[in-house]
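Enquirer: This is what each chain is made of:
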Amino acid sequence: MTWVGQRVARKEDLPLVTGTGTYVPDFDLPGTLEVAFVRSPLAHARITAIDTSEALAAPGVVAVFTGPDIRGKVHSLVLDQEAAPPGLETAEPEIYPATIEMLADGEVRHVGQAVAAIVADDRYHAEDGAELVRVDYEELPAALDPEAARLPGAPVVFDNVPNNVQARYRIRVGDTDRALAEAEHKLAMTVRSQRVMASPMETRGVLATTVGEETTVWSSTQIPWWVRNSIAASIGVPQRLIRVRIPHMGGGFGVKVNVYPEEVLVTYISRLLERPVRWVEDRAEHMVASGHARDQLHHVEAAYDGLGRITAIRDRFVLDSGVACPYPLSSAYNVASHFRSMYKIPNFAIDSECVLTHKMFNLPYRGAGRPEAAFVMDRVINAVAQDLDLDPADVIRRNLIGDDEQPFRMGMPYRDGTEVVYDATGFPAAFERLLELVGYDEHRRTQSELRTRGVHRGIGLSTYVEGTGVGPFESGQLQIDADGRVVVYSGCAPHGQGLETTMSQVVADAFGIDPQAVIFKAGDTALMPYGAGTFASRSAVTASAAIIESSNRLLKRIKGLAGELLEVASDDLEVVGGEVRAVGVPGRSVTLKEIYRSATPGPGARLPEGTDAGTIDTFYWVPPTVTWGFGVVGAIVEVDAETGVVDLKKIVMLHDCGRVINPLIVEGQIEGGLVQGIGATLYEHVVYDESGQPRATTFLDYLLPTSAEVPDIVQEHLEGIPSARNPLGVKGVGESGPISPPAAIANAIIDALKPLKIELNELPLSPATVAAAIERAGG
Amino acid sequence: MNELEVTLRVNGESRVARCEQRTTLADFLRGKLGLTGTHLGCEHGVCGACTVLVDGASARSCLMLAVQAQGQEITTIEGLGTPENPHLLMRAFSEMHGLQCGFCTPGFILSAHEYLREHPRPDRESMRTELSGNICRCTGYVKIFEAVERAAEMMAETEGASS
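These protein sequence lines are chains B and C, in that order.
The first sequence runs 1 to 779 under the working numbering.
The second sequence runs 780 to 942 under the working numbering.
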């Protein structure tokens, strides 16, 4: 039997369900000091004085650090991990590195920026100390509106970024100007995706412990290797003296895919004081000091013919970066490369700017540019239908890329510099199946009659494509240990995705054993010199590829070693059940434990000519480019036309993620992703007021979906073609759920109130927003 | 600050420790008694990750002071089951994939435990409402519903077998 494809229950669950897991706050290292931060209460201000004397004298306080205290010792991070790669020249990217300051030194640039670190014997005392730090501020004008912040004369966030434009690019496919000039029909819209936050249930946290000159850093991060490299660079120590590990982690969704000041500072303080030092973020801090996301304002124009076939799209958008956009390609460029989704739109022009403002910085969040793109694109599709009085389903049909046109070339590079060429097929069939599952024809027949009874029911549709499994690389290492166990190390950083289980399934197939027998370790920089992490729907694709390639190498090595012991040609051997057997010769076998012993360096080793000692192999997988998943989503709503309250009845999603490793886990990813998409559509909003004060600082202001808000969810995995861009044929799936709900739900509300022809181009679709749209439409 | 002696019955055992008056029940359980299965997700009473049972009723241990629980019976996730002997709810959550990152899971299991006591035959409508005090950001709740239903089934089977 093959383990890949089986509905295997997760290996990682037992400690989690019994409360015996170890998250950062759960460590109990003797003598641990706890850190609390003093944070800026203002969006932009000069620090004129800091007095820490009272804090230093407070009970339990051991040390206090301010910006001036660490000057020249702990350096700001200058992040350029998303500098444009070769191949992206046509997009004319201009990208300045993002600056992440450690502790404010002379100036604060957003509410929540760390100003001082208080180190005490426990968290209560550290917070007492924080309250005693006196900071004098002289308030400065703040840049808060990104459209205004890019104009001359606006307050400047960082001197090295002219006009606050940290990144820009432009894409030109075909001749958009001409297509718009010659268009039979045209429309223009302004579409906004609001600022949101990923909101994992565990906030960030970091614990550093120093023994001799080496520091082990336990951090709740999605990118342990980058954290290690950045800490080493910031505090000026060799990378080998810093080991970053991830313990159990309470989710990430993108917000933990950056290196943060607290990770560097806690490490620095631990090395200075030679003590274990920990900081655990509280939720109020998280909401102002962990990355936000999205916050894009689009000005879009479309040209189309009388049948609704779109001939051109022109879009200009600004992304409100806050004080930094560390991932301009993921956050902004992804919008361009996913914008046209499954549609054949020959002319496309897009201009993007990531503009700095005095707010918390902007990171990719689950979907990373794709939900924003899909919201604009499928609002356009719906508006075209509305303008021409066509059914939106027909407009989608007329624009879909046909199977005979695949592999479709989009005429532009992906963010890795490689041309976007879809390696998927079956868009029309998936769309027709969606219509069947949402009961589209029946809905059209009954909608008007329902309306006469006061039931405003609507169905909205959206499609998406998703480039998954992006590089730059991932690492995999396979070994046989002294007990004859198969051990796999991976450069990914699992934090809820079930990678221990899925990667064990992959290894189980290679070695003919049960996944339970596989030992899986990941998220530890001491395991391997290089690793990337878990983000961007990439781990199932890239980690599995690295693991399969290193398995192949190790299997070859094992067969060579066994051939020596058994005196059999290695082609006649198979590895199964913890031993190597001569095919067709019962009883002629050797265990992996014996093979380990035979490969152990020393006089007892029995190595074939030219074979090194050891039973270990490593592979670094560098993907050729991304592999394209896709999907279609339908939302069914009923709307209260008086109050604007939306009752989301059902959401249906069909998706292709290539070969499914574990259906149970894929279903969980889809359901969780959809519900995050519902939250970002109907409830979630990071609001800053006109003075740059955040208005959402608790879960009472920032509303996450609960079980009461979840509609019926129906999903189907499409039997797509396996990807040819990795050995297993998989495509990523983690981010697909949240992409289409904003467009599908907005379109459903519009459909429910069809006679009013309302417009909904701004998220979230709160009752007030929907009611205002109804009023504008004269309803 | 002055410390007080707090005595609780935790998971069936009497536990005594000293703490400041302002120490929350959650910090007391985690920091003084080492019961770190009680998680802190928001510390302002919304997310439900810190849910424990106080005299059998679910409570937010982040909003309650340890001194307020003086003399009361507290059940934490560690009291419901262990890795060697997991509770049926724990087994059902794993079997149905009712968790991903696991951070909200202990609180969810304790809320589900209370729910099943009141609704031995769970239905989706009441579950949606009754479990809405716990936030999960990973699963989208569908598989949590399925896990609670599965646990009810397993409990009924166990009862059936023993009667």
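Check the hints yourself; a few may be wrong.
As the list claims (entries may be wrong) - Here are the computed distance ranges between Cβ atoms for each label pair:
#: 1; chain 1: B; residue 1: Thr-611; chain 2: C; residue 2: Pro-862; range: 38 to 44 Å
#: 2; chain 1: C; residue 1: Glu-799; chain 2: B; residue 2: Arg-71; range: 48 to 54 Å
#: 3; chain 1: C; residue 1: Arg-788; chain 2: B; residue 2: Thr-48; range: 37 to 43 Å
#: 4; chain 1: B; residue 1: Val-455; chain 2: C; residue 2: Gly-850; range: 50 to 56 Å
#: 5; chain 1: C; residue 1: Asn-864; chain 2: B; residue 2: Pro-586; range: 38 to 44 Å
#: 6; chain 1: C; residue 1: Thr-908; chain 2: B; residue 2: Thr-48; range: 49 to 55 Å
Note that these hints are calculated values from the structure, not bench results.
All residues carry an ideal CB built from backbone N, CA and C; glycine is no exception.
Enquirer: Indicate, hint by hint, whether the structure satisfies it.
Expert: Verification of the hints:
no. : hint                                 : result
1   : Thr-611/B with Pro-862/C: 38 to 44 Å : holds (41 Å)
2   : Glu-799/C with Arg-71/B: 48 to 54 Å  : violated (36 Å)
3   : Arg-788/C with Thr-48/B: 37 to 43 Å  : violated (54 Å)
4   : Val-455/B with Gly-850/C: 50 to 56 Å : holds (55 Å)
5   : Asn-864/C with Pro-586/B: 38 to 44 Å : holds (42 Å)
6   : Thr-908/C with Thr-48/B: 49 to 55 Å  : holds (53 Å)
Hint compliance for this structure: hints 2 and 3 are not met, and every other hint is.
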